[in-house]
Every structure is written in structure tokens, then in C-alpha cells.
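Here are the chains, one letter per residue:
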Amino acid sequence: MTPFAGWDMPIEYGGVTAEHLAVRTRAGLFDVSHMGEVEIAGKQALELVQEVSCNDASRLAVGQAQYSALTTPEGTIIDDVLVYRMAKSHFMLVVNASNAARAYEWIASHVGSLEAAVIDSSSRYALIAVQGPAARDVLQPLTGVELAGLKYYWFTHGEVASARATVSRTGYTGEDGFEIFIPPNQADHVWQALVESGRDVDIMPCGLAARDTLRLEAGMRLHGNDIDETTTVLEADLGWIVGWEKSTGIGLDRLRDQKAVGVSRKLIGFEMTDRGIARRGYAVLHDGATVGSVTSGTLTPHLKKAIGMAYVPVELSTPGTELAIDLRGRAAAARVVPLPFYKRPKTRATA
Amino acid sequence: MYPPDLKYTREHEWVRVSGDTADVGVTDYAQQQLGDVVYIELPKPGQQVRAGAVFGTIESVKAVSDLFAPVTGEVTAVNEDLVSRPEAVNSAPHDTWMIRIRLTSPEEVGALLDHAGYASLVAS
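Protein chains in written order, with our numbering: chain U, 1 to 351; chain H, 1001 to 1124.
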């Protein structure tokens, strides 16, 4: 167990490689109860969500979720979040554990004269993720929710193993799967039920290490590594989560300016073409000069490649560009590749 | 757990001495701490290594560690199988040698820990 944002979290249960491969080929189970939840409700809840998050929440139907970010006036990222529209005037933002307090305070400080209440409801929810091509087969026997009818980035309410639950077809692995919000006092019971139900597919409990290698393979940014309050949404190459048609929003003007002028640096994916593994903090080199820094890097258990993400000058961000990574004094060749590194095969799961 | 025919360093390498040569690997404790090993960088045959100095690196999915030479001498062989099968360090740490060294100062072996000494080191 390791301390993580005030939680004791398992780094791994059965080895990061085995856990990672279980999610890619069968199913894995994650206790992600450390994630924070902030709820915004009231007549002007939508206005507040539009103000504090960069995506366009007005496009969400009730029962739908979107990836978004809380942005500073400079367009940099306080946290990346999932915005759930629970009801017409009720939203839930799922925030990172280490940013939960900051996210709540930031949102609450922007209520102003809006008719909206902001509640940190992190302690009201445990969150269990079941991820992988067999996730549906594992979860379906335990719930009356018809999972086949639940589209990617939609959610619904029901029961899981007799516990009141919100079931969301989302995840942080690049695989099909579900995230299940339940009352904390039901978490142990639901976890055990999923372990039992997953026995046929040899489901594996997965720790933080596999969560990190899976998300990196899937090209998903990790706040605190790849994105933070020094990187803008556009530098992080997340322009697709900006609601450009919105009338207002913190940082939106700055992002519009940056879009018009163009960014000077950009987050890229790379893979090592020489032997060696790039790690967070290693320098990115071009023609012998330092041009950037690795934000995440590992050797992925599934692709069996050394991959990573880094910020580099935009003129060096085109896939195919040859770079080098300073591996503790040795310059090892790397090449810019498109993100994500891994894309799951199209199956019934996305229907 | 820790074979009595090996000698150990405080940095979690082992040596198996036979005549004037010594095979070097890392201990079961080391592989447990590292987790799944995915990459090992080793010197070339002919290179000199010095007791207590770094001779290579070992990487797991989550971390990088230096490898320290337990004894001084010339590298006479390198276990090339580890390029394609680094996970052997996890499955059989005490049977997976990394480099073979021709000893130039055999008396250094006497300064290393025996299996009981090493076992109590990692237990504390």
C-alpha cells in the first residue's frame, strides 16, 4: 500500500504486467473511490458549470457525461474532470483525488450571484471500475440495468448486487468498461460480488501501477504529470474539449487567442526507437539541444514498447519527427507518434 | 530462501564464486521491490567493473535502479538472454546471472554478506 492524496492505495495486487494484460484481454477491477465528486445543483447550475469548465455542458443530455477541464483565466488546467448531467439542473463533476479540495473551492468561489449550490460529496460515493472486453459479461449478471443499451459516455441509475448504484460507461484504460458509483458502506459487498462474477473470465484486481500504464497506452493525460496549471488546454492538445461556441467561461478568451495565434509547444506521444525507457522528467533532445521534458513514460506491458508523452516545440510535434531522450546521460533515439498509442479493436462493446 | 552458496551485497546483488570467476545477479528481495522487470542494461564483455561501482541498470515498469558490482574485475560474459527475457529476474532471481566477472581482488568476496547476514538485513 502506498499513501496517495490521503488514501492508502495498492500499487499492484498480482503484478502490473498481469493486471494490465487482464484489462486488455479480459477484465480488471479497480477501486477508484479516491476520486472526488463535486455536485452542482440549482436553477443556474448549468451556468456555473459553463463558467468553470471548458467544455460545453449545454450539449449534455440528462444521463450523459463529457470529458472537460477546470481552467484558470490563462486557460491552464486546474484539473481534468468528467461532467455528468444527473438532471436538467444537477451536475456531478468527478475530479482527481489530489485536486478534490482545490476543485471544490475553485468552483464554490465562482458561484457569485448565480442560483446554484456546490457540494463536495466525495465521501458519499465509493467508485469501482470494471474494465476490459469482458466487463459487460462480468457486470450484467449483477444488475437490472441493460448494459448493452448503455452507450459510451452515458450513465444510468439502478442497482448492482442489490446496492443502489449509478452505472457509467466510462473508464481510464482505453478499454470498454463501467464505473460504478455506490454508497461507501456497500463497496466491500459490491467488490466481492464483482470478483465472484468475474471468476469465469479470470478477472484481476488492479492497482495504481496498472491504472497508469493503461491510461498512458490509451493516450490519456494524467493531471500532475502531463497537464497542470502551467499547461494550457491547447498545449495539451485537448482542443476537442473546448466549447468554442460557448458565450462565456473562465479562460475561454485566452484559449481563443491561443488558437488564433497557435501554440508554441505541444504535448506529443513518442516511442523509443533505441533500447531504453524514458521516464518522467528526462530531457527531450533535438540536434543535441534540450527542447522539452518527458511528462510520462514507461514500457507498456501490452504493446511491449517504451512510450511516453512530452512537451516539445510545435515545429517538432509532427508524427515521424526524430527526437532523442536523455536516458541518464545517454541520448537514445525516439520518434513522435500519433496519440493514442493503443486503440481498442472495434467490437459489439461500442454499439 | 537465500541460497547458502551465494554471497550478497547490501545493495541486493548476489555473487556465485567459482574459482577466479563470479556470476552476478540480483536477489529475490530486489526483484520483489522492483516488481515486473522489463529492461536490463549491462556492460560489454571486456569492460572493467569495480566493487561498489555501478555496472548497469535494471528497470521495472515503475522504477529504474542502478546495479552495483559486488567485486572488482573484468566482465568475461554477459547473459544475452535477458535482452529478450528480462522477466527471468522475477521468476528465478537466484538462478538468473547477469554478468560473469574474472576476479582481480578475490579477497573482496570475504567482505560480502553470507546468506544468513543478508536474510537478516532484508528482514529488518
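It cannot be assumed that every hint is accurate.
Unchecked claim - Below, in silico cross-link-like pairs of lysine-lysine (BS3-like), each with a Cα-Cα straight-line distance of 27 Å or less:
#  : chain 1 : residue 1 : chain 2 : residue 2
1  : H       : LYS1062   : U       : LYS305
2  : U       : LYS151    : H       : LYS1044
3  : U       : LYS246    : U       : LYS43
4  : U       : LYS88     : U       : LYS43
5  : U       : LYS246    : U       : LYS151
6  : U       : LYS346    : U       : LYS304
7  : U       : LYS346    : U       : LYS151
8  : U       : LYS346    : H       : LYS1044
9  : U       : LYS343    : H       : LYS1044
10 : H       : LYS1044   : U       : LYS305
11 : U       : LYS88     : U       : LYS151
Unchecked claim - These stretches of chain H come out as covered by chain U in the derived footprint (C-beta under 8 Å, 3 or more residues):
#  : region
12 : 1020–1029
13 : 1033–1043
To be verified - Distance ranges between label pairs, derived from CB positions:
#  : chain 1 : residue 1 : chain 2 : residue 2 : range
14 : U       : THR25     : H       : ASP1095   : 36 to 44 Å
15 : U       : ALA5      : H       : ALA1092   : 14 to 22 Å
16 : H       : MET1001   : U       : PHE4      : 24 to 32 Å
17 : H       : LYS1044   : U       : GLY281    : 26 to 34 Å
18 : U       : PRO345    : H       : LYS1044   : 51 to 59 Å
19 : U       : GLN140    : H       : LYS1044   : 34 to 42 Å
Just so you know, the hints here were simulated from the structure itself, not pulled from any lab data.
Quick caveat: nothing in here was measured; it's all calculated off a predicted structure.
Heads up, the beta-carbon is just placed ideally off N, CA and C, and yes, glycines get one too.
Outcome of the hint check:
1. H:LYS1062 / U:LYS305: Satisfied, since the Cα-Cα distance of roughly 14 Å is no more than 27 Å.
2. U:LYS151 / H:LYS1044: Violated, because 55 Å separates the two Cα atoms, which is more than 27 Å.
3. U:LYS246 / U:LYS43: Between LYS246 (chain U) and LYS43 (chain U) the Cα gap is close to 19 Å, so the pair holds against 27 Å.
4. U:LYS88 / U:LYS43: The hint holds at about 9 Å.
5. U:LYS246 / U:LYS151: holds (25 Å)
6. U:LYS346 / U:LYS304: Since the Cα atoms of LYS346 (chain U) and LYS304 (chain U) sit roughly 21 Å apart, the hinted pair holds (cutoff 27 Å).
7. U:LYS346 / U:LYS151: holds (14 Å)
8. U:LYS346 / H:LYS1044: violated (45 Å)
9. U:LYS343 / H:LYS1044: Distance of about 38 Å is beyond 27 Å: violated.
10. H:LYS1044 / U:LYS305: Answer holds: LYS1044 (chain H) to LYS305 (chain U) is near 24 Å, not above 27 Å.
11. U:LYS88 / U:LYS151: This hinted pair holds, its Cα atoms lying about 19 Å apart.
12. 1020–1029: Result for this restraint: violated, n = 0.
13. 1033–1043: holds (count 5)
14. U:THR25 / H:ASP1095: 36 to 44 Å: Taking Cβ atoms as reference, THR25 (chain U) and ASP1095 (chain H) lie about 29 Å apart, which means the hint is violated.
15. U:ALA5 / H:ALA1092: 14 to 22 Å: With a Cβ separation near 37 Å, ALA5 (chain U) and ALA1092 (chain H) fall outside 14 to 22 Å, so the hint is violated.
16. H:MET1001 / U:PHE4: 24 to 32 Å: holds (30 Å)
17. H:LYS1044 / U:GLY281: 26 to 34 Å: For LYS1044 (chain H) and GLY281 (chain U) the Cβ distance comes to about 28 Å; the hint holds.
18. U:PRO345 / H:LYS1044: 51 to 59 Å: With a Cβ separation near 42 Å, PRO345 (chain U) and LYS1044 (chain H) fall outside 51 to 59 Å, so the hint is violated.
19. U:GLN140 / H:LYS1044: 34 to 42 Å: violated (56 Å)
When the structure is compared with the earlier hints, violations turn up for hints 2, 8, 9, 12, 14, 15, 18, 19 and for no others.
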